[in-house]
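S.K.: Sequence:
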Amino acid sequence: MKICPSCGMVNEDVARFCENCGTRLEGASVQTMGAAPPDEASVQEAPRPQEQTDAQAQMPPRPQGQTDAQAQTPPRPQRQMGPQGQTPPRPQRQTGPQAQTPPRPQRQAGARMQAPPRKGIAAIHIAVLVEAVCLVLIIAAFFLVGRTRYSAQGVAEDYFKAYAAHDWEKVYGLMDLPDGDFLQEDQFTDTMERMELPEITNYVISEMPGVNEDIARVFHVEYSVKGQGVAELPVSAVKKSEKALFLFDQWKISAEGFITEGYTVTVPKGAQAAVDGVRLTEEYQVPSESAWEDTYQISLFNGSHTLSVTAPWCEVTQMDFDTSADSGTVVSILTPTKEGEAAFQAKMQEALETIFDAAIAGKDYSEVADLFASDAGEAYEGYSNEEYYNDMKEYLSSEPDDYYTLTGLQFEDFQCGFAMSGGVIAATMDFRYVVDYSYHAMFGGGSKRDTAEGETGMSAGFVYEDGTYKLQGISIPYSIVFWT
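Counted the way the numbering used here counts, the sequence shown spans residues 1 to 484.
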């Protein structure tokens, strides 16, 4: 047993430090079984061991005369008994300078650290391994699903499945469609919903050989229609230049058979037209066969569509057309509103009075040219409007020696009718007239005044130009000024 020289604590023989105060026990006295415990004086005056060097601390001297086995596992000494077999009393801890507990020795530099026991694979390593395996599986599944989904076969199957279910939004997204104001998704949906499509109950898709697979693939679809039997349909898939998700070839279903290109819409000049609610602009305008019409050329989905035409002073004309019926549609009739009829009648009256007044006064055609459109054609029967006016002016002019002299002309009781042809609003107007004139008396000399009245009518064509309607041609029976 080893007695601590500082506190008197009895420690085991193999102890290097006091279990009570931590004092180094190297060189401390060892008391064997049956030996008397040391007295207080010896405990108090025991010399404090000198501090060992680092090398001595790392390698304690091996006791002489011991075998390897004895050096490795020293026998545990038995606790000593007192003279009468009792355990000797534990020395009391002294107070005072000699009884102070010395500081616990610090761990010496270079001391050998005892290696912790080696364990198996850590749980975190297992978790990382599991995550890596899962990631590999996810990547493999991603490529497998991607190749299947974006393959030509997969796209064709998705397309026909959506077609059979009338899922037009998905069908539109799978098709290879050009850009166009009239090729939008809502227009495609409206067109397809107007069709009476059969109810498809089952289908089989197989690829047809003999097609350059780097450009396109063709599939044969055989499907059954409820109540009608079996039908067939070819479906073509074309490869796009861009990649899906930057990895997979992208295939789209060809829109061949779904689109009509170069469909023409013809409306009166100055009218605004819209197909399926989308206005026809100058971008789509092409030369027209008539100077009084506007023609547009567009591409749109095969099927039924709605054309809406609006023009100043006219009612909105709305009609349906089907691209399968013909290659174009023409709106030749516009109906003036009540306000429009009044406006056209005012135009007719203005033209009638202005032209007669100018002709009677002998004015040049340039005085009335603004009433006519810039590229107005013939008045009637091959006469131009200017030629017609000059003949009228010559007929109504008066010379001092003329037997009859026109002194006044009035018009009243106007009644108009309207029709449309070739983009021209054709108007007719019936009216009453009163002619005031003077003549030389045959007998007795002098001059006399008289009136002549009657009913007649005129016709005119109106076209829209520069924000208003102008005369395309006019026919006025100026022979009403006939002296009877």
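Hint data in this document are derived by calculation from the structure and do not stem from the laboratory. Hints may contain errors.
What the hints assert, rightly or not - Here are the simulated PhoX-like cross-link-like pairs (lysine-lysine), alpha carbons at most 25 Å apart as the crow flies:
| hint | residue 1 | residue 2 |
| --- | --- | --- |
| 1 | Lys269 | Lys161 |
| 2 | Lys269 | Lys448 |
| 3 | Lys240 | Lys170 |
| 4 | Lys363 | Lys470 |
Claimed, not checked - The calculated label-pair distances, taken between Cβ atoms and stated as ranges, are:
| hint | residue 1 | residue 2 | range |
| --- | --- | --- | --- |
| 5 | Glu283 | Lys239 | 29 to 39 Å |
| 6 | Met175 | Gly262 | 14 to 24 Å |
| 7 | Lys338 | Glu199 | 45 to 55 Å |
Ideal Cβ positions, reconstructed from N, Cα and C, are used throughout, including at glycine.
S.K.: All hints are to be evaluated individually against the structure, with a verdict given for each.
M.R.: To see whether the hints hold, each was checked on the structure:
no.	hint	result
1	Lys269 to Lys161	violated, 46 Å
2	Lys269 to Lys448	violated, 52 Å
3	Lys240 to Lys170	holds, 18 Å
4	Lys363 to Lys470	holds, 20 Å
5	Glu283 to Lys239: 29 to 39 Å	holds, 31 Å
6	Met175 to Gly262: 14 to 24 Å	holds, 20 Å
7	Lys338 to Glu199: 45 to 55 Å	holds, 49 Å
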